[in-house]
Amino acid sequence: MSSADLTETLCIIAAWVVTFGGVGAYAASVILRGRRLSKIVPSEQRRWM
Amino acid sequence: MTATKMNSAQSVSPAPTGTGSRGTRLLGAVAVCFLAVAVVYGLFISPPDSQLGNTIRIIYMHVPTVMAAYLAFLTTAVSSAMYLWKRTEFWDLLGSSGAEIGVLFFTVTIIDGALWGKVTWGVFWRWEPRLTTSAVLLIMYLGYLAVRAIPADPKTRATRCAIIGLVAVVNIPIVHKAVDWWRGLHQGKTVLGTLNPEMGGTQLFAMYSALTAGILVCVWLLIHRFRAGYLAERASDLGLGQALEERRLESSSTSSGSKVSGDDS
Numbered sequence: 001m002s003s004a005d006l007t008e009t010l011c012i013i014a015a016w017v018v019t020f021g022g023v024g025a026y027a028a029s030v031i032l033r034g035r036r037l038s039k040i041v042p043s044e045q046r047r048w049m
Numbered sequence: 050m051t052a053t054k055m056n057s058a059q060s061v062s063p064a065p066t067g068t069g070s071r072g073t074r075l076l077g078a079v080a081v082c083f084l085a086v087a088v089v090y091g092l093f094i095s096p097p098d099s100q101l102g103n104t105i106r107i108i109y110m111h112v113p114t115v116m117a118a119y120l121a122f123l124t125t126a127v128s129s130a131m132y133l134w135k136r137t138e139f140w141d142l143l144g145s146s147g148a149e150i151g152v153l154f155f156t157v158t159i160i161d162g163a164l165w166g167k168v169t170w171g172v173f174w175r176w177e178p179r180l181t182t183s184a185v186l187l188i189m190y191l192g193y194l195a196v197r198a199i200p201a202d203p204k205t206r207a208t209r210c211a212i213i214g215l216v217a218v219v220n221i222p223i224v225h226k227a228v229d230w231w232r233g234l235h236q237g238k239t240v241l242g243t244l245n246p247e248m249g250g251t252q253l254f255a256m257y258s259a260l261t262a263g264i265l266v267c268v269w270l271l272i273h274r275f276r277a278g279y280l281a282e283r284a285s286d287l288g289l290g291q292a293l294e295e296r297r298l299e300s301s302s303t304s305s306g307s308k309v310s311g312d313d314s
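Those sequence lines, one after another, are chains W and F.
The opening residue of the first sequence carries number 1 in my numbering; numbering runs sequentially from there.
The opening residue of the second sequence carries number 50 in my numbering; numbering runs sequentially from there.
Any given hint could turn out to be false.
Stated by the list, open to error - Cβ-to-Cβ under 7 Å is the rule here; a few derived chain F residues that face chain W: (1) A64; (2) P65; (3) T66; (4) G67; (5) T68; (6) R71; (7) I160; (8) V168; (9) A284.
Unchecked claim - Covered stretches of chain W, as calculated for chain F (at least 3 residues, CB under 8 Å): (10) 12–25; (11) 28–35; (12) 41–47.
Hints were generated in silico from the structure; no laboratory data involved.
Even glycine gets a Cβ: it sits at the ideal position worked out from N, Cα and C.
My request is simple: use the sequences and hints to build the entire structure.
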């Protein structure tokens, strides 16, 4: 495998890891934040549609 | 009477323990299905492009993330306009949720683009029209989030953010049309905005699967982020209420204490 091919493969893997990792980490942080806040807020104030 | 009470208690479903609901779970499941199809087709089934080679696999992530970012930023713009008209917490929270998610997706877009640039152009970044206008757009929405983080009266903060949300959105058509208006390195429209897409077959299928997944994930995140923001506001109200109650009790006990000491003297 040439240096150019290696760079190409690494960049493709990095792009997919950054996309899934970044969005996944943010989604997890939002979900965990919601669960933490739900323990504080009274049940009558957290009714979703 | 007791039976009636029990029946009414049974008919009320328990309050959710987070920001999820049946609707978001369904939406999330559909998004995961599209993501799985995008991964299989984008990484394994779709052939290399005749011009871009295997770097087309980066484009399968680059285009959906930018479309998700535009959707989130447009949500912020509409919410900003609605906030300035209606002045309700709903539109303020939706606007800030859109800005945060838009910044996330747009940052990912720029990183993916830089990785594609490294393979195709040999450098991660060039100050060419599309990239420069994209950097300006990202900085404007980072400014929105910075203004939101400044401690201020909630209504004043919401008004400031709504104005920024309306000003920043003007940059989106400039970023989108930069490849047509100015000569640059960035390639022109490949799929969206053209009646004759350069892709076809499994490449187009992979792109549309990833695009649908990106939009669904964006909407799913918007709902969860909005609800988390709403819960944060309620928790803040609760904390403020408790602090006021404690202060009131403290002052009443102090005044009754001073009355007692006054009686003693």
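Outcome, coverage hint (the segment 41–47 of chain W, chain F; C-beta under 8 Å; three residues)
This one holds; 7 residues, not fewer than the three required, reach chain F with a Cβ under 8 Å.
Closer than 7 Å between Cβ atoms is the bar; does P65(F) clear it against chain W? Give me holds or violated.
holds (6 Å)
Taking 7 Å as the limit, does the beta-carbon of T68(F) come near enough to a beta-carbon in chain W?
holds (3 Å)
State whether the coverage of the segment 28–35 of chain W by chain F holds or is violated, taking the criterion as 3 or more residues with Cβ-Cβ distances under 8 Å.
holds (count 5)
Please verify that hint: G67(F), Cβ, nearest Cβ of chain W, below 7 Å or not.
holds (4 Å)
Is the interface hint satisfied for A64(F)? The criterion is a beta-carbon contact with chain W at less than 7 Å.
Interface hint status for A64(F): holds (3 Å vs cutoff 7 Å).
Interface hint check: R71(F), Cβ to nearest Cβ on chain W, cutoff 7 Å. Holds or violated?
violated (9 Å)
Quick one, is the V168(F) hint okay against chain W at 7 Å, beta carbons?
This hint holds: V168(F) lies near chain W, its Cβ roughly 5 Å from the closest one there, short of 7 Å.
Chain W contact restraint on T66(F) - CB to CB distance below 7 Å
holds (5 Å)
May I ask you to test the interface hint for A284(F) with respect to chain W, counting a Cβ-Cβ separation under 7 Å as satisfied?
Holds. Min distance 5 Å.
Report holds or violated for the interface hint on I160(F), using the least CB-CB distance to chain W and a cut-off of 7 Å.
holds (5 Å)
Are three or more residues of the segment 12–25 of chain W within 8 Å, CB to CB, of chain F?
holds (count 8)
When the structure is compared with the earlier hints, a violation turns up for hint 6 alone.
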